[in-house]
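*Asks:* If you want the building blocks of each chain, they are given just below.
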Amino acid sequence: MPAAVPVAGGTDLMAAVNAGLLRPAALVGLGRISEIRGWQYLDGHALLGAGLTHARIGRPDFAALIPALAAAARAAGPPQIRNAGTLGGNIATSAPTGDTLPVLAALEATLIIAGPDGARREMPVSHLLAGMDMLRGGELIGYVRVPLLHAPQVFLKATGRTGPGRALVSVALVLDPARRGVRCAVGAVAPMPLRPLEAEQWIASLIDWDGGRTVVPEALAAFGEYVAAACIPDPAPAEDGSPQQLPPGVLHLRRTVAALARRALGRALS
Amino acid sequence: MSNEGAATATTATTTPPPGRSESPPDSAGRLSGPHGLGASLRSEDARAKTEGTFPYAADLWAEGLLWAAVLRSPHPHARIVSIDTAQARAMPGVRAVITHEDVPGTTTYGRGTADRPVFAAEVVRHHGEPIAAVAADHPDTARMAAAAVIVDYEVLDPITDPEQAFEAEPLHPDGNLIRHIPLRHGDADAVGETVVEGLYRIGRQDPAPIGAEAGLAVPRPDGGVELYVASTDPHADRDRAAACYALGAEHVKVVVTGVPGATADREDPGFQLPLGLLALKTGCPVKLTATREESFLGHAHRHPTLLRYRHHADAEGRLVKVEAQILLDAGAYADTSSDALAAAVSFACGPYVVPNAFIEGWAVRTNNPPSGHVRGEGAMQVCAAYEAQMDKLARKLGVDPAELRMRNVMATGDLLPTGQTVTCPAPVAELLTAVREAPLPPLPKDSPEDEWLLPGGPEGAGEPGAVRRGVGYGLGMVHMLGAEGADEVSTATVKVQDGVATVICAAVETGQGFATLARQIVQETLGLEEVHVAPVDTDQPPAGPGCRGRHTWVSGGAVERAAKMVRTQLLQPLAHKFGMSTELLQIADGKITSYDGVLSTTVEEAMDGKELWATAQCRPHPTEPLDEAGQGDAFVGLAFCAIRAVVDVDVEIGSVRVVELAVAQDVGRVLNPGRLAARIEAGVTQGVGAALTENLRTPRGLVRHPDLTGYALPTALDAPAIRIVKLVEERDVVAPFGAKAASAVPVVTSPAAVASAVRAATGRPVNRLPIRPQAAVVTG
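Chains as they are written, first to last, in this note's numbering: chain H, 1 to 270; chain A, 271 to 1050.
For reference, chain H alone in the conformation it holds in the complex (with noise of 0.2 Å):
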């Protein structure tokens, strides 16, 4: 247990400690950092700082910048939890529902850590997500950068009720025109968000970039299915080679994985 724990939002944090599940020593609230707040422009990239919360990233100016990011953002909770929680924390709770981390993970997002002494490093968000690093003792999230693609990005969740709820599948989708290619992630499913790489390139050379960016209508439906079964692929078959049934429940995961996915890349494309 470290001897102090940083707290920005606490949506998280404060509920674990209320649960009684943590008993930090000590908190360091990062609220008062000012610099951390607000993002920047940087050489083609947005340098979002770690203390944004959701409620700021979900307005109009931001989503104007990073539509994707600002949908997750506006999707992610209650106003109450919207305005406090943050980017930051989202990234270091690394939930598998985490909403605005399938947008990070489609948009190759990178990792500023502030270390102590001043020291900086950076990582791809992926990489933490994954468990391939970790924040050392000592170390901040500080910026998350972001490349601004000017292009449509879509993000979508399914949940459980109308109102507010946890992802069940959410779905990141953004077109990246200058490298003629598509990034997609898919959330919840997984303990992290899911990139179906070939399934991206496969679409990606269908597209007509130059002209009206548009795909033939099944391939749509096609790219869904593919994605699908990337995230979750079919079960072994059998011993006597007979092909095995998904349960029920994940069938059904699969299904909306591949609606949200072909829905999403349909609304990128429209």
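Hints are all accurate, no fakes.
Only some residues are given here: those of chain H computed to face chain A with a beta carbon under 8 Å: (1) Ala75; (2) Lys157; (3) Arg161; (4) Gly165; (5) Pro248; (6) Gly249; (7) His252; (8) Arg255; (9) Thr256; (10) Leu260.
Some chain H residues well away from chain A (every beta-carbon gap over 12 Å; in silico): (11) Ile33; (12) Gly38; (13) Tyr41; (14) Glu108; (15) Ile112; (16) Glu122; (17) Leu135; (18) Gly137; (19) Arg179; (20) Leu194; (21) Trp202; (22) Ala222.
Keep in mind the hints are simulated off the structure, nothing from the lab.
Computed from a predicted model, the values in this text were never measured in an experiment.
The beta-carbon is built from N, C-alpha and C at its ideal position, and this holds for glycine as well.
Since chain H is already given, all that's left is putting chain A on it; use the hints.
*Replies:* This is chain A only, laid out in the frame that chain H set:
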């Protein structure tokens, strides 16, 4: 769910009941402003509650108080080998640690049978069962000390499938079968031309009160103890506590604090009893405020139910016979499962005429969390099943589902499957007609795109092309007051002094509006404007629990009688002086006038500084228990409701949004239109939760996600537009005001209506509640 907050969010979309306004249409015409019965009087504490200044039990404080914590079992089924409290006792700040060895009186309690230990002694039978309790000078110390109690468990295999409970080893000395009712009514050999069958499962709804349990116990100098809790049945709680503490009932006093939401029996005795024990042991006031997790673990839930049905009908769709098997999962302890089973079996056919009925019901013990009284228990589960059967029958016969229902509805004079004749008003046909004829909400294509809330919410994944609309119907019924011979008596006192009336009655204001109603009754009877309702404690005579519309009926009846007795005391001397009977005198606006207006005097003058008191009781006509064939006049009265649900379903991902619920309800008489609409909205919203999202999951007997993120209550966005299209006012002659219970029947009916609408939208069978997304998906 106790979700009054979410429910009131829909008020704006509700049309006021027809023919009712703020001014009272009082036949007697004694009062001019919004007073008396029929007026939308506001609750006296509404402002304080809205502003957050209303003191609940969690806000109480006493000098030198200690904090309590309860250690609960992490296992659903285990043998306790040993309990070592030495380490916990040695912690600084800990003042007392108690276990089953420290219970001086009876060690078990229960609402029906006393089968539940105060603290588990040898065996734990469900996740969250109390094992020990601690009092310490700080809440954190108390929690840590509770965690430091070392319990050596021998973990046993839990029995969590109620179907296995019949064959399994007894989980309790009383056995695993809590009650079995084999109802037989009519000709067993009758068959219909058309037969439909179905298997239905209803999940575990939690009452989820907005305010979690809390209490304060204060020792008295005479060796007794006072409990300050949000009890809904204070006298029963007092008797239970007195037996547990081995004290006389006069040495235990329960003082009722503000009740933060109650759609079930409130305040779990699992912490209430230890609280008093700790106060007696330490000699200090002891307080406990439960966390949300403890609240989910501690209180009783709605019975998860498995139902198997076979309906026989003739070629025209008239019901010939209903066969059903109903299995209630009572959890580890009996609680009120016997009552829930009686309701489930008696109402298994619904408000339909069924000449032959063979219903078998069981309530069994498992290692799941205990089930108990939650609004509409028993009746809600069977309603979902019999309405699904009606839809299935309509589909098989090719008849409109509402038309099929219309051909079978019961009316006054028909028989229940229990052999009891329905003597109260039963305007079921009128209710169904009202919801059928109500205009449908506009289709999405007729409303602007940005105003259309898609399933999945404003930021959800909904796509207009994948959304299908469905319309479905539900007809439901509940009984009022306790059944099967329960003595449903209540006592009330009315006092008048200096032109101000005070009502003293131990009926707890749980949000149902009793305190407001009591004021209205006294205003109506005595013509006084200023009426107060005294806070409730057990020094007052008992009024019984607040459930099934009891307090409007028996406590309201008692208040009216007491008020009438005061009226007679007040008018008798005058009537004698003027040589006329008291009936010819009227009281209005502080004046007493004779029928012809010749004589007039002020109330103040007539009172002449006197203080007038009267106490009265109200006891409804007796009922009888169901016999071994499930027959008997078990119910005092019945209430009915018809709901038409309109839903939008995203058929690719299975998300459902309830667009509108049109409600027509049999209310007997409207006593407070504003309050009545609020109760119906609250009930409907609780039903929508049961239909779509509310299910406390307990895989292998362990409660999963006991928090309000995992357990999804309806929010303002989930609550549909609730349109009260008709309130049928046909007075029930045996009820004191002719009024019927209003809160429970919408809870019972709305889940069935929502499921019916989802069935209509998707063509899927929808045989499980809450409706899972995969059950609402249309593939291919």
